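Going down the list, the protein sequences come from chains V and C.
Counting from 1153, one number per residue, gives the positions in the first sequence under our numbering.
Counting from 584, one number per residue, gives the positions in the second sequence under our numbering.
None of these hints come from the bench; they were simulated from the model.
None of the values given here were measured: they were computed from a predicted structure.
Glycine residues also receive a C-beta, built at the ideal position from the N, C-alpha and C atoms.
Hints may be right or wrong, so weigh each one.
Listed next, with one range per pair, are the computed distances between beta-carbon atoms [what the hints assert, rightly or not]:
1. Lys600/C with Gly1167/V: 28 to 38 Å
2. Ala641/C with Gly1181/V: 16 to 26 Å
3. Ala1165/V with Phe637/C: 29 to 39 Å
Which stretches of chain C does chain V cover? Using the computed rule of at least three CB atoms under 8 Å from a CB of chain V, they are [said to hold, decoys possible]:
4. 627-634
5. 684-697
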Amino acid sequence: DAKTTQPPSMDCAEGRAANLPCNHSTISGNEYVYWYRQIHSQGPQYIIHGLKNNETNEMASLIITEDRKSSTLILPHATLRDTAVYYCIVRVATYGGATNKLIFGTGTLLAVQP
Amino acid sequence: DAMVIQNPRYQVTQFGKPVTLSCSQTLNHNVMYWYQQKSSQAPKLLFHYYDKDFNNEADTPDNFQSRRPNTSFCFLDIRSPGLGDAAMYLCATSREGGAAYGYTFGSGTRLTVV
């Protein structure tokens, strides 16, 4: 079962920052948080991941609370092409930790408005 | 560019007629995953291979099988497709063994059952 909860949809004005929240209150100490997005009829696209510290790359920033029970994905200047479903995912260990798998939650449909 | 390739992009099959979907990767990743994504739903993990070790999800129907003849290729076999198996099927890969890496998805195969 998915370990994340997200709002089903959000709107954002073009050029403004989009802040997408995610709750993962049952996350374990060694489980990573991943963010992916999926534009209609395409495969999911990797955005960012993190464990404890805040992370930033060319696409987005990831803010993880100190207790790790929630996180926020920030798209600093949203464009119309950022309209997509955004998935917050906790990477779950299998095989006693030898490998891992991504279990998707329901995601947030972000609609960027002109 | 290194990538995950799924063929065909669209597949139409008859009710009850076996069908095989294929996935290949040039990333040399040791783990390959198959997801099923029905319309307006999140991707659902069916199974994955860690090298040659097969790991089935508990709720994956027996109708779904998989083969991984080598590192680069992985196949999804649906033995007797039903109307309810119409979906997008996504292949993903990852490199496991310690640090957390991104997971790379293919563009998917959209399966129609008639």
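* To do: Check each numbered hint against the structure and report the violated ones by number, ascending.
  => 1, 3
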